[in-house]
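Heads up: the protein sequence lines correspond to chains R and Y, in order.
One gets the working numbering by counting positions in the first sequence from 1 and adding 106 to each.
One gets the working numbering by counting positions in the second sequence from 1 and adding 674 to each.
In short, the hints are calculated from the structure, not lab data.
Glycine included, each C-beta is placed from N, C-alpha and C at the ideal position.
Mixed in with the good hints, there may be bad ones.
To be verified - Label pairs and their in silico Cβ distance ranges: (1) Arg-816(Y) x Gln-182(R): 22 to 30 Å; (2) Arg-1061(Y) x Glu-229(R): 24 to 32 Å; (3) Tyr-819(Y) x Lys-243(R): 36 to 44 Å; (4) Ala-214(R) x Leu-698(Y): 51 to 59 Å; (5) Thr-683(Y) x Ala-200(R): 32 to 40 Å.
To be verified - Cβ-to-Cβ under 10 Å is the rule here; a few derived chain Y residues that face chain R: (6) Pro-750; (7) Gly-953; (8) Gly-1011; (9) Gly-1012; (10) Ile-1048; (11) Glu-1051; (12) Leu-1054; (13) Arg-1055; (14) Phe-1064.
Claimed, not checked - These stretches of chain Y come out as covered by chain R in the derived footprint (C-beta under 8 Å, 3 or more residues): (15) 699 to 705; (16) 1032 to 1045.
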Amino acid sequence: MPELVLTVARIGLIVLLWIFVFTVVGVIRRDLFAGARSSRLVAAPRGVGAAFNQARPAAKVKRGRSARQMVVTAGQLAGTRITLGEAPITIGRAEDSTLVITDDYASARHARLMPRDGQWFLEDMGSTNGTYLDRAKVTGPTPVPLGVPIKIGRTSIELRP
Amino acid sequence: MPRLKIDSTKRRNSELALLALALLLVLAYSATVEATMLDTITPDFWVPTAALAGVFLALHVVVRFLAPFADPVLIPAAALLNGMGVGFLRRLDLDDVSGVAEAADRGAFAGVGGRQLAWTLISVILAAALLVLIRDHRNVSRYSYTLGLGAIILIMIPAVLPAQYSEVNGAKLWIRFGSAFAIQPGEFGKLALVVFFAFYLVRKREVLSLASKRFLGIDFPRGRDLGPVLGVWMMSLLLLVFVKDLGTALLYFGMFVVTLYVATERSSWLIIGLVLFFGGVFLAYYLGELVGGPFANFYDRATVWLDPFGDIDGDGYQLVQALFAFGTGGLFGTGPGGGSPGIIPEVQNDFIFAGMGEEIGLFGLISLLTLYLIIVERGLRAALDVRDSFGKLVAGGLAFTLGLQVFVIIGGITGLIPLTGQTTPFLSSGGSSLMANWMLVAMLLRISDAARRPLASGGGLAAAPGGKPAPQQLHGAETEVIRP
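If we strip away everything but chain R, and leave its shape as in the complex, we get:
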């Protein structure tokens, strides 16, 4: 084999190795951007949610509007939303809770949200650090108005229409 061919092969191989590495990085990058784009798609309703936020005083006055979803507004799970149905929702660190929160100040079975006649009731399930509705500690089943923060440790949850 001529010396030239071998040299070209030698250098070419290293170049090819790096082309591979950069292609892999390119795929990872595309992957990241695909994720960003899709999350923007989903994030759109969040903007709608923000609009609701501003319109909240009006919404609050209107009685009878029922909550359709539960949104985590602060804490590690911020951004998570759960569509409300007929079934009660359990919140806690236990893996079988509806909303599993990994919060240092949350108990395994911390609190429960139950629907009754179109109104959601919040109940503390004997947690160590307590559940707060706005700033008041929840002792018995308490009706939860729309847009009022439920606080569990560092996590904050709101009901939205």
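Assemble chain Y onto chain R, guided by the hints.
Below, chain Y alone, put in the same frame as chain R:
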């Protein structure tokens, strides 16, 4: 609410394209090797690459159907490393071959390289089987205690066996069946141990992360909660004594400490771990100097590391030859087939990176290291994205273990840390290591599939087959995660 429909085929197609590029590279590598060493290219030079291509494509097809959302770069990166390893081992075989005719007569499965090729085929098929068998990584947690017990047995067998059945080059890591065949059970023990640690820490992390004392601005755990970490520390020191291998001890201990750190988010565990480990190593070093006995092996290795050129023809020979190889290679290397890796003892195992370094140079080596980095990064990414804590800890633990192993062996042969007998993942010759590492890749594929599966498609959370209670308890509620 707009449903998220990500097409998984695009991802799989880029995986296929990357895989094709990787195989092309392996083909080019083996052609260059033959052109350099034999001055001609034998007509059958493509056969090993074709065998690799067949089995990698089979794995790709399995992933396409059973883990469609899995990370697209894991398989190509591992495949390229593995293919380069096979190519290099075949190149070592060519050193012993005289003449083109003899080289052309050799079958694809002859010699060390051929054996490695056969092991690769077996390992990749095993990885595919694992993907078929484990449809949901959470199911693995059911066998955690079995796996933990199995891991301890696997790790202890070579330590208690008589040296003639278990010792290779001063490290007791093997079970030898005669002179031809040996397995390294610790490689599999490692994987089982990660699963067990993950399971244990998911259970215990509340205690370990809540109760603490604050000191110097860092939360330190209470004395009585140090039990597990001290237990594992004692175990790895015992391993250091009985197995006579620092790398193995470092690997198991590092694995535990990092999984603990991931589980509790407490940086104090890292500090405690490092202090304990360095304390133990210094203790072992001075005991080795004063008492000798079981610590003597470690003491010798540390001495060689401190001054490899002190005894060039004796203890330091291997390390010095490796350093010379790196030096000869320089930036661009002597070209595939152009070096003389045969001088380095154990170049097909621990020192494969030095042998390759001579031929592909610093630029080539860094690209291989980048591939390791990419595999580790993708593993950690999967750990971040997956929603259940067990999956997080398993993926994080596996990815970190791979990274730490690469660090331990490559740090060892470049003289950064005392040399230890770890295998270089995917490159070193050896069936146990290959099988274990491909199983690791299969596990990462499975977890990354769960992590990246769009929730709206209902597969990931709402209807995981045979999952733990979590999915059923959702009461039909639709959860959607919006990343900030």
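So, going through the hints one by one against the coordinates:
1. Evaluation of the 22 to 30 Å hint for Arg-816(Y) and Gln-182(R) yields a pass: the beta carbon distance comes to about 27 Å.
2. Taken as a hint, the range 24 to 32 Å holds for the pair Arg-1061(Y) and Glu-229(R), whose Cβ atoms sit roughly 26 Å apart.
3. Range check, Tyr-819(Y) to Lys-243(R): about 41 Å between beta-carbon atoms, so the 36 to 44 Å window is met.
4. Here the CB-CB span from Ala-214(R) to Leu-698(Y) is close to 54 Å, well matched to the stated 51 to 59 Å.
5. Taken as a hint, the range 32 to 40 Å holds for the pair Thr-683(Y) and Ala-200(R), whose Cβ atoms sit roughly 38 Å apart.
6. At its closest, the beta carbon of Pro-750(Y) sits 7 Å from a beta carbon of chain R; the interface hint therefore holds under the 10 Å criterion.
7. Restraint check, Gly-953(Y) versus chain R: the minimum CB separation of about 30 Å is more than 10 Å; hint violated.
8. A cut of 10 Å between beta carbons decides the hint on Gly-1011(Y): the least distance to chain R is about 9 Å, and the hint holds.
9. Interface restraint check: Gly-1012(Y) against chain R, minimum CB-CB distance 7 Å, threshold 10 Å, status holds.
10. Below 10 Å, beta-carbon pairs count as interface contacts, and Ile-1048(Y) has one with chain R at about 6 Å; its hint therefore holds.
11. Restraint check, Glu-1051(Y) versus chain R: the minimum CB separation of about 8 Å is within 10 Å; hint holds.
12. Because the smallest distance between the Cβ of Leu-1054(Y) and any Cβ of chain R comes to about 12 Å, over 10 Å, the interface hint for this residue is violated.
13. For the restraint placing Arg-1055(Y) at the interface with chain R, the shortest Cβ-Cβ distance is roughly 9 Å, inside the 10 Å limit, so the hint holds.
14. The beta carbon of Phe-1064(Y) comes within 9 Å of a beta carbon in chain R, closer than 10 Å, and the hint placing it at the interface holds.
15. Only when three residues or more bring their CB closer than 8 Å to a CB of chain R does the claim for the stretch 699 to 705 of chain Y stand; here the count is 4, and the claim holds.
16. Residue count for the stretch 1032 to 1045 of chain Y with a Cβ under 8 Å from a Cβ of chain R: 8. That meets the three needed, and the coverage hint holds.
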